[in-house]
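Protein chains: 2
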Amino acid sequence: MQKPSLPRGTRDFGPEQMSKRLFLLETIRQTFRRYGFQPIETPTLENLSVLMGKYGEEGDQLLFKVLNSGDFAKDLTETDWQENARKLTLKISEKGLRYDLTVPFARYVVMNRHALTMPFKRYQIQPVWRADRPQKGRYREFVQCDADVVGTDSLLCEAEIVLMLHESLRNLGIQDFTVKINNRKILTGIAEVVGAAGQEGLLAIAIDKLDKIGKEKVVEELKQRGFSDESIDKLEPMFQFPDQAQAAFDQLKSWLAPSEVGLKGVAELEEVWQLIAQYGLNDARMQLDVTLARGLSYYTGAIFEVKANGVQIGSISGGGRYDNLTGAFGMPGLSGVGISLGVDRIYDVMEELNLFPDTGLQSTQVLVVHLDTEGRSLGLPLLSQLRAQNIPAEAYPDSAKVKKQLDYANAKSIPYVVLIGSEELQTGLLGLKNMVTGQQEKLTADEIVARLKDEVSK
Amino acid sequence: MQKPSLPRGTRDFGPEQMSKRLFLLETIRQTFRRYGFQPIETPTLENLSVLMGKYGEEGDQLLFKVLNSGDFAKDLTETDWQENARKLTLKISEKGLRYDLTVPFARYVVMNRHALTMPFKRYQIQPVWRADRPQKGRYREFVQCDADVVGTDSLLCEAEIVLMLHESLRNLGIQDFTVKINNRKILTGIAEVVGAAGQEGLLAIAIDKLDKIGKEKVVEELKQRGFSDESIDKLEPMFQFPDQAQAAFDQLKSWLAPSEVGLKGVAELEEVWQLIAQYGLNDARMQLDVTLARGLSYYTGAIFEVKANGVQIGSISGGGRYDNLTGAFGMPGLSGVGISLGVDRIYDVMEELNLFPDTGLQSTQVLVVHLDTEGRSLGLPLLSQLRAQNIPAEAYPDSAKVKKQLDYANAKSIPYVVLIGSEELQTGLLGLKNMVTGQQEKLTADEIVARLKDEVSK
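Residue numbers (my numbering), protein chains in the order written: chain A, 1 to 458; chain B, 1 to 458.
The shape of chain A in the complex, shown without the other chains (with noise of 0.2 Å):
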């Protein structure tokens, strides 16, 4: 007989974490629609010609390939089976499962760019697979959840994006939170005053490990990397920054004075900023971060990135500003600035701060328990009337004793019982148990209905 099993670093949802994962969701898709995104889903399977070499080395090599259909083998030759795995793979696989949201909304611009309206404003929550090494926190079937604008270098959307940060994780009831924030021009200017233009790749790899391995061991790093004793004095300021945004923005302007990209990247941020203080939302948990880099990848103006603080846990939210999402396909020069959420991680957040609501989101709020088919029949109209009423409700299908249904509504944390036994029958008032206060009424089915309609929680 065979013993079932789930793939490695795949998971099952039950009703409990469905429940929560549908209200973080639900919550983030709702705060993102009030900001004017729009849905869009693209489909699980891509083209290999799509996804390879958009990843770079390692990311060819972590795509879910899936095997062509019918007899794929029939056309390979003997060499072929001697030639790497890689080569092989093209020959025999010519799809590959979602690998991030970012390269699929590019395809996705292009082959719609004459249908879409400018700036393009869009969410996305699907899930990615990646053939990682499946170890605590991360998965190899995990949801992610991206929102972007392209078709603008306004940064009006810089602003937003922070605004919706921040509504998101408030509705989500996190409150102690961190938006980092950095531009890439700065890490360029910063590269060009300490004597090592164009070396900001490499300055911003060891630059955000800081956080990590502290500032000596970045030190050596740079060292190690050519950045010669000179830059590597040169670039103190970058150690010791105020948290206070304007003196750190000050002190910036007089590092990068000779550098005219690091002076716009400052003049980027200082607008952004401004623009978050004209919304009006004066607690504003953003800091400018000048270390932050997250490996650079393909940003060229503002980097974002969100820390949960007080919980042990890494970044739930990253994004950035981009010139060329589309150049691959052939559409280049689309600018756009996007943030990814991070479903899994914060979903262990609010587990660790208890942030979810008690009230069982999804289940049953009404059980109704009969002895016998008569009771039953009683039962049912309710149950149709509590539903028109949009409380979720349900009997207990088959005969059984009482024990044994109450037992099943506390299994399934449903909040009221209704008891119809032969006293019920005959008084035609029904029992109506609170199964969290233990408190038992006798009434009538419509008293039970709007007595129910205002309490339960819908």
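In case anyone wonders, no lab produced these hints; they're calculated from the structure. A couple of the hints might just be wrong.
Pairs count within a copy or across copies, as identical chains cannot be separated in the list.
To be verified - Straight line, CA to CA, 20 Å or less: simulated DMTMM-like cross-link-like pairs of lysine to aspartate or glutamate:
| no. | residue 1 | residue 2 |
| --- | --- | --- |
| 1 | K20 | D344 |
| 2 | K404 | D153 |
| 3 | K412 | E41 |
| 4 | K87 | D71 |
| 5 | K87 | D75 |
| 6 | K412 | D71 |
| 7 | K401 | D153 |
| 8 | K307 | D289 |
| 9 | K3 | E94 |
| 10 | K264 | D398 |
| 11 | K74 | D289 |
| 12 | K91 | D71 |
| 13 | K3 | E26 |
| 14 | K91 | D80 |
| 15 | K404 | E374 |
For chain A, the structure is supplied; the task is to place chain B on it using the hints.
Only chain B this time, still in chain A's reference frame:
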């Protein structure tokens, strides 16, 4: 330059389609919830050992298989390569994509048997993948929506499934539909009384086509399949059943009088009809259809199928009762009953009947139009006020001519526009324009928020 494309049989969903799909799925989700069904989700990737052999020979071929990661070919010998594709597949692939929601659900139940409260009522809305030949209305990636109760053989569950189908479709606006019902035991009984005991499978294959090919051709096929002329003569009542349920039950009871199992099937369906009447569903759109078989597959009791009338499309839902969901995974004897809604077909029905709500459920309700940064500064706090009232709102991010901004509003079907020009800056009265009626008013920011709070559907 690479021109990107989508894999055959897959689709992107743009904002308008997504908005409709979210409405459709959320309506079904809320209805299922009212009946006490709880959500679960299972991974896209399943081990092939779980999937293979569960869908027949053809199904095994239609499974999308995922190539093993890394150097998948390194342990293969020359004879492996020369084997047929099927054998070779299992050596280079151990995972596949979810093919339906039933087998993953069975696996889930078996793996969580000790934690689940029985009866267990779950619903599941997720995509599935089949390497079928794509054609109109048939995709390689499509969403299924299943609801099942397992762990009880109470006929109350059949009744609730019928009620839930009614409520789901009505909540979507679909009024004209028929829920066809049959029972496997009735088909078994028919085979017995026509002298073809045990042949209900063959009988069903032919009879299932009655709608499509007509009685004459069904009779011909029955002959080819070895049914005697005498048996076929005795089948005559099957082709002329009264529409009215009680008359149909009476006819069946006399026809199937010699068959114990046949009479049991009739009794079961009669009870389902009675239960539904007890719930108070007076205008049930149910039809007893003794020719309904749905390939029989694993059904052992009730068989359901739903047709949308007046639309040229196949069934939009199907399901039934089974006795052995989890037998293949070493947990025999688990009875259950379930239904699957065809989301894509229901979408097509709703499109054809124009049933989706007009109001862009997922889209922006207000665009703030400004002519310069001064006007924009005045608009930003208004955006915050609107969003705080759950009114989706955005500003055009760039400085652009009014016409361009109004074009943007029209392209996104944004119903209201707030105009902030030089006059508005002086007077503090902003222009609120209804983009549908063209009506325009001068109001303060607070008045605009109050007005839209009432008017904008949320």
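Tested hints:
Taking the shortest alpha-carbon separations for K20 and D344, only the intra-copy value of 11 Å comes in at or below 20 Å, while the best inter-copy value is 27 Å. For the identical chains of this complex, K404 and D153 are inter-copy neighbours only, at 17 Å across copies versus 63 Å inside a copy, given an alpha-carbon limit of 20 Å. In this homomeric assembly, K412 and E41 come within 20 Å of each other (Cα to Cα) only across copies, at 18 Å, whereas the closest approach inside a single copy is 33 Å. With identical chains, the CA atoms of K87 and D71 are at most 20 Å apart both within one copy (18 Å) and between copies (11 Å).
Taking the closest pair of Cα atoms, K87 and D75 come within 20 Å of each other both inside a single copy (15 Å) and across two copies (16 Å). Taking the shortest Cα distances, K412 and D71 never come within 20 Å of each other, neither inside one copy (48 Å) nor across copies (46 Å). Taking the closest pair of Cα atoms, K401 and D153 come within 20 Å of each other only across two copies (17 Å); inside a single copy the shortest separation is 67 Å, beyond that limit. In the homo-oligomer, the alpha carbons of K307 and D289 lie at most 20 Å apart inside one protomer (12 Å), although the nearest pairing across protomers, at 60 Å, exceeds that limit.
For the homomeric pair K3 and E94, the shortest alpha-carbon distance between copies (15 Å) is at most 20 Å, but the shortest distance inside one copy (32 Å) is not. Proximity of K264 and D398 under a CA criterion of 20 Å is satisfied inter-copy only: 19 Å between copies versus 72 Å inside one chain copy. When the C-alpha separation of K74 and D289 is checked against a cutoff of 20 Å, the pair qualifies neither within a copy, at 56 Å, nor between copies, at 47 Å. Taking the shortest Cα distances, K91 and D71 sit within 20 Å of each other both inside one copy (12 Å) and across copies (15 Å).
In this homomeric assembly, K3 and E26 never come within 20 Å of each other (Cα to Cα): the closest approach is 35 Å inside a single copy and 35 Å across copies. When the C-alpha separation of K91 and D80 is checked against a cutoff of 20 Å, the pair qualifies both within a copy, at 8 Å, and between copies, at 17 Å. Proximity of K404 and E374 under a CA criterion of 20 Å is satisfied intra-copy only: 19 Å inside one chain copy versus 68 Å between copies.
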